[in-house]
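Just so you know, the protein sequences line up as chains U and E, in that order.
Reading the first sequence from the start, the letters are residues 247 to 573 in my numbering.
Reading the second sequence from the start, the letters are residues 247 to 573 in my numbering.
The hints are simulated quantities; they were obtained by calculation from the structure and are not laboratory data.
Predicted model only: the values in this text are computed from it and were never measured.
Take the hints with a grain of salt, since some may be wrong.
No copy labels: a pair is met if it fits in one copy or bridges any two.
What the hints assert, rightly or not - No more than 25 Å apart at the CA atoms, straight line, and that leaves these computed lysine-lysine pairs for DSS-like: (1) K535 with K546; (2) K299 with K427; (3) K276 with K427; (4) K276 with K438; (5) K538 with K568; (6) K427 with K516; (7) K516 with K568; (8) K438 with K299; (9) K535 with K299.
There are 2 protein chains.
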Amino acid sequence: MVMPYTQEDIDQWAECMARCYRMAGIEEGKTIQITPSFGLFNGGFGFYHGARKAGLFVIPTGAGNTPRQIRLLNDFQVYALMGVVSYGVRIMEVLEEERGELPYLKVAMFGAETFSDAMKEKLQNGLGIEVFDIYGLTETGGVGTTGMDCPFHCGIHIWEDQYIVEVIDPDTGQVLDDGEKGEIVFTSLTRKALPVIRFRTGDISRVLSRDRCECGRTHLRIEPITGRTDDMIIVKGVNFYPRQVEEALLSIPGVRNHYQIIIEDVNGIKDVHINVEADRGVTGFMVEKRLKEVLGFSPKGDVFSPGTLPRHEGKEVRVIRKDREEE
Amino acid sequence: MVMPYTQEDIDQWAECMARCYRMAGIEEGKTIQITPSFGLFNGGFGFYHGARKAGLFVIPTGAGNTPRQIRLLNDFQVYALMGVVSYGVRIMEVLEEERGELPYLKVAMFGAETFSDAMKEKLQNGLGIEVFDIYGLTETGGVGTTGMDCPFHCGIHIWEDQYIVEVIDPDTGQVLDDGEKGEIVFTSLTRKALPVIRFRTGDISRVLSRDRCECGRTHLRIEPITGRTDDMIIVKGVNFYPRQVEEALLSIPGVRNHYQIIIEDVNGIKDVHINVEADRGVTGFMVEKRLKEVLGFSPKGDVFSPGTLPRHEGKEVRVIRKDREEE
Chain U
247 MVMPYTQEDI DQWAECMARC YRMAGIEEGK TIQITPSFGL FNGGFGFYHG
297 ARKAGLFVIP TGAGNTPRQI RLLNDFQVYA LMGVVSYGVR IMEVLEEERG
347 ELPYLKVAMF GAETFSDAMK EKLQNGLGIE VFDIYGLTET GGVGTTGMDC
397 PFHCGIHIWE DQYIVEVIDP DTGQVLDDGE KGEIVFTSLT RKALPVIRFR
447 TGDISRVLSR DRCECGRTHL RIEPITGRTD DMIIVKGVNF YPRQVEEALL
497 SIPGVRNHYQ IIIEDVNGIK DVHINVEADR GVTGFMVEKR LKEVLGFSPK
547 GDVFSPGTLP RHEGKEVRVI RKDREEE
Chain E
247 MVMPYTQEDI DQWAECMARC YRMAGIEEGK TIQITPSFGL FNGGFGFYHG
297 ARKAGLFVIP TGAGNTPRQI RLLNDFQVYA LMGVVSYGVR IMEVLEEERG
347 ELPYLKVAMF GAETFSDAMK EKLQNGLGIE VFDIYGLTET GGVGTTGMDC
397 PFHCGIHIWE DQYIVEVIDP DTGQVLDDGE KGEIVFTSLT RKALPVIRFR
447 TGDISRVLSR DRCECGRTHL RIEPITGRTD DMIIVKGVNF YPRQVEEALL
497 SIPGVRNHYQ IIIEDVNGIK DVHINVEADR GVTGFMVEKR LKEVLGFSPK
547 GDVFSPGTLP RHEGKEVRVI RKDREEE
């Protein structure tokens with residue numbers, strides 16, 4: 247999808263993000279590292295514009311090269327780290343391999359992927375920091391536009407002066423009572439180029455409280471997002487549907503009809519592996535290139551000879567989900 | 247090197263870039279595509295801030311995925327393309343392979359790498375556009391800060407209200423007369439966080455004219471940069487010195503002392519290939535990973551068994567330059 251912005255929309259985004267920074271205790275003059283690149287994935291822009299509004303010192307590293315990211319975190323004595331959840335996990339892994347430390351880092355704001363409490367705990371311990379769960383959808387304007395948890399970590403505060411939030415029954419569309427689980431729906435009050443009215447997010451949550459929070463804020467709180475109403479898959483901050491993978495695969499000459507999308511979910515962080523049957527001459531490189539064009543990232547995967555992937559009776563099992571919880 | 251910016255510095259950069267856009271005839275409301283990612287390479291930021299100052303509609307694509315870049319250029323009827331020179335070449339190649347067309351694209355601003363008149367001509371014909379040669383160094387604040395050629399293409403106008411420009415003899419430091427070739431030196435008049443005083447760029451050029459240009463501008467004009475005083479190599483917008491390659495290679499356990507840096511220069515656009523001798527167990531992946539960490543991009547290259555790279559008498563020939571002109 248295409249998300250257009252007017253100057254006012256960028257200002258509104260910056261305002262929402264600046265609130266998130268302050269809510270995480272990141273005061274003026276503090277140093278932050280922004281790990282998403284600024285390109286077609288819009289996350290980097292939100293972190294950046296908000297940081298300028300909040301008067302922060304920005305190290306804009308872009309994605310990748312984790313050992314260098316760690317070096318920069320320490321060289322610039324970075325106070326807060328911004329990124330997608332799975333990149334936080336990657337930094338933690340490299341830190342363990344290198345037996346490194348991040349003595350200056352105190353806070354991270356992770357978003358764009360759902361993550362379990364277990365994963366949050368693991369990241370907090372592994373990186374030695376406080377982790378905030380930032381929320382926002384491209385359709386509402388991007389990262390941080392809808393809200394974040396406060397230092398009391400008792401749910402996601404929603405910016406009710408910017409968006410009306412409702413929880414509905416995904417089947418009937420009926421608005422549900424507070425406390426009942428359903429689909430989150432947003433109506434934007436202040437966006438110009440592409441305002442949304444009762445936008446169905448596909449995210450499952452519930453209203454936890456409309457009372458004043460211990461932090462003093464009166465914006466209502468919802469449960470952190472951990473489920474979806476549809477088969478949308480979110481990997482490394484990128485959304486896609488299994489049918490997009492199918493269309494991409496079948497557009498490659500020589501690729502056959504049998505394929506597997508294996509989604510491994512470790513405490514809410516997803517990794518995807520795509521296996522496909524194809525005629526001789528179809529290489530993994532060709533498949534990866536096409537999938538990268540369509541999905542925006544390179545999944546792992548293998549090419550199999552026709553007839554060698556397992557068959558199932560009845561409905562073809564094409565999306566295989568492997569969920570596990572790590573300690 | 248680290249380049250810090252205050253808010254005023256970003257405004258100054260935006261002002262310089264906005265002038266470049268207007269000089270290229272890119273009026274308010276026109277659509278531009280920015281191909282550098284916004285990360286540690288700062289080019290994307292300059293194009294972006296200038297575009298907002300100039301009131302342009304920005305498609306921020308980031309680097310890579312050239313077929314998608316071409317699709318976006320056409321889908322959004324993009325008027326002007328921004329990037330490093332070698333990425334312009336890449337787009338031209340893919341366009342030829344795909345027998346594609348860019349009917350809406352009229353202008354490109356390419357920078358960060360020197361390019362010959364022959365290459366400029368080739369890009370203009372291959373892409374069917376007018377090409378501008380944008381100039382600016384990280385040390386002066388980034389792309390576009392020092393100047394660009396105007397629609398009369400009679401040299402690079404230097405923003406003399408922002409920078410003092412001098413041409414010196416690189417050996418003696420003496421200021422040269424107009425018309426004499428030497429090293430370009432800049433003094434910034436308006437930068438705050440890191441002003442430079444008589445910064446030696448290493449770029450070779452000469453003052454062409456201080457007269458009022460046919461375009462009406464009175465900023466002096468220098469010859470486009472095509473040479474350097476030192477052994478600095480610029481590939482894909484990234485600067486490095488051969489000694490950095492040597493240090494990176496020798497930091498890998500098992501790598502031996504013999505290596506080759508082969509720089510192929512086609513009409514001013516450089517490609518680099520690094521060969522190295524190493525013990526069994528050192529893989530191309532290990533070498534590439536280390537070089538990418540140090541250089542910021544992955545050069546091509548091969549790993550050879552000890553004793554198999556060619557030896558030379560006397561001074562070791564480690565940097566091999568292959569220049570050729572293509573029609």
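Review point. Checked against the structure, which of the hints given earlier come out wrong?
Key: 2, 3 and 9
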